[in-house]
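Top to bottom, those sequences are chains A, B and C.
So in our numbering, spot 14 of the first sequence is number 14, and the numbers just go up one at a time.
Adding 241 to a residue's 1-based position in the second sequence gives its number in our numbering.
Adding 353 to a residue's 1-based position in the third sequence gives its number in our numbering.
It is worth saying that the hints were derived from the structure and are not from the lab.
Check before you lean on any hint, since a few could be wrong.
Computed, partial: chain C to chain A, Cβ under 10 Å [to be verified]:
#	residue
1	LEU358
2	GLU359
3	TRP363
4	LEU364
5	HIS366
6	ARG367
7	ARG400
8	ASN404
9	GLN431
10	VAL433
11	LYS439
Calculated cross-link-like contacts (lysine-lysine; reagent style DSS-like; alpha-carbon spacing at most 25 Å) [stated by the list, open to error]:
#	chain 1	residue 1	chain 2	residue 2
12	A	LYS142	B	LYS298
13	A	LYS138	A	LYS230
14	C	LYS439	A	LYS238
15	B	LYS328	A	LYS139
16	A	LYS123	A	LYS112
17	A	LYS16	C	LYS435
18	C	LYS439	A	LYS70
19	C	LYS361	A	LYS230
20	B	LYS328	A	LYS138
21	C	LYS439	C	LYS361
Which chain A residues stay away from chain C? Per the calculated CB distances, all over 10 Å, these [what the hints assert, rightly or not]:
#	residue
22	PHE24
23	ARG43
24	SER62
25	MET106
26	VAL107
27	ALA115
28	ARG119
29	ASP124
30	SER164
31	SER197
32	GLU199
33	SER204
34	LYS229
35	LYS238
These numbers were taken from a predicted model, which means no experiment stands behind them.
Yeah, the Cβ is synthetic: ideal placement off N, Cα and C, and Gly gets one too.
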Amino acid sequence: MDNPQQKITVSIWRGKEDGALESFETPLIENQTILDLLTNIQRKVDSSLSYRFACRVGMCGSCAMRVNGKPRWTCRTLVSNVVTDGELRLEPLANLPVVKDLVVDMVPFFEKWQAAKGRFEPKDAGVQEFAPIRPDDKKRQKADAAIECINCAVCYSACDVVESNPAFLGPAALNRAWSLMNDERDGSSLERLTAVSGEGGCQSCHTNSQCVARCPLQLNPTASIAGLKKQVALAMLKGAI
Amino acid sequence: MNRNRDTSAYWASFVQRWSGVVLALFLPAHFYVLSLSLQGAEVLEEFLHWTDMPVVKFAEAGLVVLLAVHLLGGARILTIEFFRWAKWHSNLILLAGGGALTCGLLFLLRAI
Amino acid sequence: MNQRLEVKLWLAHRLTGMALGLFVTIHLITMIIVIQGGISASEIMERTSSNALIPLFYGLFVIASAVHGSIGLRTVAQEVLKWKGKSLDILVVGFFLLLCCMGMAAIRGLMS
């Protein structure tokens, strides 16, 4: 039930990296998501507040930001679940440049995605026959386990190594690289192994597994990166890269 | 200000890193003590006598714990990195912690 | 060479880690057994010079731990202290050589 008397204090980051938290008093409404709360504040209190969202139903990942320090999707987070002692803190995703308020520049994230060769490249010859992929194909199962990533950058924000090693490609980019390494139709395996074993490559991961803990889709970049490490090691020992 | 450090895997990495640093910095001291033997058994003996003090024995037990946790934690990392991911991998953290404390205790019990 | 440097270091770190897993297990078990009731310098030196395999074992042990520790400290220095470049690499190689020399001195002393 709504209790209009119960108010919570929401601290929201305003400005760029050198900005500050600004406090808003807002009623605690049952079944309200953080995204609802932000929209409420922007429409009724301060129209200069900037934040991102799109689908609002947990499919696009655009609304990702830090809630009480933890990166998550605001459209899938109930205020009542995360408010502590009547307080809530909202900050933009970590490890990315701040554009304004809760909006970050995703370009570096996607640049690393490309640097890890996180894009499909077909085999050289034109497709003559369909590649037969059985449902019990081990490689396909590995690819499927990692494929659902929608590049929301929650894992990137959560990772201590991303923070301490500016060159580290990050969990999402490497996870995608791993899924492509297991894609039967892809033709750039060696280039991709080279791409993920340069500076800031898979070898920089310390298995902190903060990515695993925060991923809204319960993906496991630690396991994907471990798979890449093994492939890189084997390729190096064989002299392939 | 990082609030994403509430997983056991993060602390396993933390312990792995800092136990490694302590051990790496301890090694030169360890080698130095043993090289006192170059000056004859009596010189080494004099130093070892000092290590009979209980506080030193406890410090040594602490080092044994750090060594054991780094070894077991390292075995966990090697398992994760060189074998395919399996659910039981998450039990390796508890194994590392428990195993290390056991080693330290064993050392202490035998050393006193 | 430079492009693959980080991976080569990572691989060397993991391979020496595997070797050390074995060496340290042997070392820890030996120490826990042998330390019972205390041990004197001359007893240590007697045991270590009793078999030619012992200095060989510890020689490999020293080299493996020097490689492993140096690479580990390098990563920590880069990520925690934000060091980079040639000066860090020189320091790391220096530490590696220090460990090798001191370790070999210790083995030589214990063999005498």
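Now for the hints, and whether the structure bears them out:
no. : hint                   : verdict
1   : LEU358                 : holds (8 Å)
2   : GLU359                 : holds (6 Å)
3   : TRP363                 : holds (4 Å)
4   : LEU364                 : holds (6 Å)
5   : HIS366                 : holds (9 Å)
6   : ARG367                 : holds (8 Å)
7   : ARG400                 : violated (38 Å)
8   : ASN404                 : violated (34 Å)
9   : GLN431                 : holds (7 Å)
10  : VAL433                 : holds (7 Å)
11  : LYS439                 : violated (15 Å)
12  : LYS142(A) to LYS298(B) : violated (49 Å)
13  : LYS138(A) to LYS230(A) : holds (16 Å)
14  : LYS439(C) to LYS238(A) : violated (29 Å)
15  : LYS328(B) to LYS139(A) : holds (19 Å)
16  : LYS123(A) to LYS112(A) : holds (23 Å)
17  : LYS16(A) to LYS435(C)  : holds (24 Å)
18  : LYS439(C) to LYS70(A)  : violated (37 Å)
19  : LYS361(C) to LYS230(A) : holds (13 Å)
20  : LYS328(B) to LYS138(A) : holds (17 Å)
21  : LYS439(C) to LYS361(C) : holds (17 Å)
22  : PHE24                  : holds (36 Å)
23  : ARG43                  : holds (43 Å)
24  : SER62                  : holds (30 Å)
25  : MET106                 : holds (24 Å)
26  : VAL107                 : holds (23 Å)
27  : ALA115                 : holds (13 Å)
28  : ARG119                 : holds (21 Å)
29  : ASP124                 : holds (24 Å)
30  : SER164                 : violated (4 Å)
31  : SER197                 : violated (5 Å)
32  : GLU199                 : violated (6 Å)
33  : SER204                 : violated (7 Å)
34  : LYS229                 : violated (8 Å)
35  : LYS238                 : holds (13 Å)
When each numbered hint is compared with the structure, violations occur for hints 7, 8, 11, 12, 14, 18, 30, 31, 32, 33 and 34.
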